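> Spelled out, the chains give:
There are 2 protein chains.
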Amino acid sequence: MNFLEERIVKDGVVKEGNVLKVDSFLNHQMDIKLLNQMGAEFKRRFADKPINKILTIEASGIGIACIAAQHFDVPVVFAKKSQSINLDGDVYVAEVESFTHKCRNHVIVGQKFLTPDDHVLIIDDFLANGCALQGLIQIVQSAGATVEGIGIAIEKGFQSGGRIIRNLGYQLESLAIVDGMDAETGHIEFRSQEKDREEAAEESANSVSRSSTLD
Amino acid sequence: MNFLEERIVKDGVVKEGNVLKVDSFLNHQMDIKLLNQMGAEFKRRFADKPINKILTIEASGIGIACIAAQHFDVPVVFAKKSQSINLDGDVYVAEVESFTHKCRNHVIVGQKFLTPDDHVLIIDDFLANGCALQGLIQIVQSAGATVEGIGIAIEKGFQSGGRIIRNLGYQLESLAIVDGMDAETGHIEFRSQEKDREEAAEESANSVSRSSTLD
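Going line by line, the protein sequences match chains A and B. At position 167 of the first sequence (counting the first as 1) the number is 167 in the UniProt record's numbering, and the numbers step up by one without a gap. At position 101 of the second sequence (counting the first as 1) the number is 101 in the UniProt record's numbering, and the numbers step up by one without a gap.
These are calculated hints, taken from the structure and not from any lab test. Be careful, since some hints might not be right.
Copies of the same chain look alike in the list, so a pair counts if it works inside one copy or between any two.
Claimed, not checked - No more than 25 Å apart at the CA atoms, straight line, and that leaves these computed lysine-lysine pairs for PhoX-like: (1) Lys15 - Lys43; (2) Lys21 - Lys80; (3) Lys33 - Lys43; (4) Lys81 - Lys21; (5) Lys33 - Lys112; (6) Lys112 - Lys10; (7) Lys15 - Lys112; (8) Lys15 - Lys80; (9) Lys112 - Lys21; (10) Lys10 - Lys81; (11) Lys49 - Lys15.
Note that the structure is predicted; figures quoted are calculated from it, not measured.
Please work from the sequences and hints to get the whole structure.
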């Protein structure tokens, strides 16, 4: 287990309905030293990417993104969530569905903060079905900017978001991938990150060979 | 002018209705190096306080609070805003009025994240009428914790929030206090921080002499 998986086992709480509460260290109270370790790990995983901006979404992504930004020496932009659109000036907007709150929200970024010159690392705390993330990707694309990668703290591997985003060809790095949880025993099953990398390498090799076939 | 006032003059935009837009470096796009300077300055101003926790409020306070927390070596808790109260578990709630959005909101913090042992520095990006801040103070008091101080990036000195909070006896440190703005010329008038300190010292002396009279 890596440092984040260890912390989830120590302080996370599994609740009925596949809910994992990490509010004592990640998204209500925030352990800044842990966030700093996460930032260093994101930097390691995206070391070869020409990232010049981090994009996240309010509210719980902001702390992680700001601490990570120190490792990349770049500014952070956070997308705003709103049911209505009333930011003044020109904005990029994506409509996303929230399963948690059973409603549709707008994700909004001021146009002047994303340009075709931007090479963006998207950071968020959780990835489940990936709706918010797809909204952020859509906004980066609307700006003509480049998504260099996506860094997530905790991915719910048993939901479809991660698979969809990886299938789209993005480098998605989740520091902990939860493949299953048991509210009765409190047991949390993590995906082996090494296995994950091997699979990714294999998929990438397959895709290369497919491309070769197509050529 | 200090570093933040200089930045406001350089990149802030004054709009009609006493609106100061600082979204290019503070509360939409965030300059993390600037946030780090602000954190160091908060540490200098609250150096003698036994702070063990920083409390802020979503969304734009979170980045400032997280970077500042590195200078204090403490965790951050961010209060959540909600029109309804549906966090599970026991929470502290304060009702606050939002002048910007013309509505009433609830400010919510999980009870387990604030205890009587906590010595809290409250941090936020803006102080105008002080409603959100009063909600945060109320929550710290509900928990039996101590407000050791309040650190604000930009205070609108022509609104009443700062005066009310200082009159209540709190150490309120605003890195930039805007006493007036002109949307036509773009001119921003800052309060001299030295003058401010002298006045505070004088008031404190008066209050001591008043107390002596009362004794």
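> Each of the hints needs a verdict: does it hold here or not?
Verification of the supplied hints:
no.	hint	result
1	Lys15 - Lys43	neither (32 Å within a copy, 38 Å between copies)
2	Lys21 - Lys80	both (23 Å within a copy, 16 Å between copies)
3	Lys33 - Lys43	both (15 Å within a copy, 17 Å between copies)
4	Lys81 - Lys21	both (22 Å within a copy, 19 Å between copies)
5	Lys33 - Lys112	between (32 Å within a copy, 20 Å between copies)
6	Lys112 - Lys10	between (42 Å within a copy, 17 Å between copies)
7	Lys15 - Lys112	between (41 Å within a copy, 17 Å between copies)
8	Lys15 - Lys80	between (28 Å within a copy, 21 Å between copies)
9	Lys112 - Lys21	between (36 Å within a copy, 13 Å between copies)
10	Lys10 - Lys81	neither (32 Å within a copy, 28 Å between copies)
11	Lys49 - Lys15	neither (37 Å within a copy, 38 Å between copies)
Going down the numbered hints, you'll see the structure goes against 1, 10, 11, while the others check out.
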